[in-house]
Structure formats: structure tokens, C-alpha cells
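Student: For the sequence shown, our numbering assigns the number -10 to the initial residue and increments by one for each residue that follows.
What the hints contain is simulated information worked out from the structure, not anything from laboratory work. Among the hints, erroneous ones may be present.
[Stated by the list, open to error] Distance windows between CB atoms, simulated:
no.	residue 1	residue 2	range
1	Val1	Ser62	21 to 27 Å
2	Ala54	Glu12	47 to 53 Å
3	Thr51	Phe16	46 to 52 Å
Just so you know, even glycine gets a beta-carbon here, dropped at the ideal spot from N, CA and C.
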Amino acid sequence: MCNCFDENLARVTEHLKDRISGEFTEFEADWKDQSFFLDGKKHVPVNPKIKYSYRLKKKDGTPRANKTNHEVSMVARYCPFCGEDTQADEAD
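Construct the entire structure; sequences and hints are all you get.
Tutor: This is the structure:
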């Protein structure tokens, strides 16, 4: 599998460090919402989430006071940076 995620994280990390206008002792940057798969197959390490919300109606037809919020995660089969198929080796 490609190493686009590692390469891009390193590039962005250096860019962010350069933008800090003072001295610092620690700096950490990592992908948010990483996934760990136990199946031994290659996967994109970060899976995007889609947030959605809705407001239900009461029985009288007026909207409820609070919204209901949810998220759904997607598992990417292709690298979003280079387009490499993470499961191409499995097709053989």
C-alpha cells in the first residue's frame, strides 16, 4: 500500500511548525479518527465521517426543541491522495 498518509502528515506537520510564531517545547500532530482493523488487510487509516442532524415534529406538527445528531463512518477503498486501490492485491 502507498505511504501517502505518512508523507502528507509529515509535510503538514512541518508546515504547521513553521507557522508558530514563538518557541515551543512540544508539538504533536496526527490524523483524527484513525481506524484499526484486525482483519490483516490493507486499509486507508483514516475514515471520513458524515455528520447529520434532524429535528422531528411533535404530534401537533410543531418542531421539537432539540435536534437529533448522528454520525456515520465510511471506509475508503482507494487512497484519497494517489488513488491506489488498497485491495488490489486481494483480487489476485
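Student: Could you check the structure against the hints above and give me the numbers of any it violates, in ascending order?
Tutor: none
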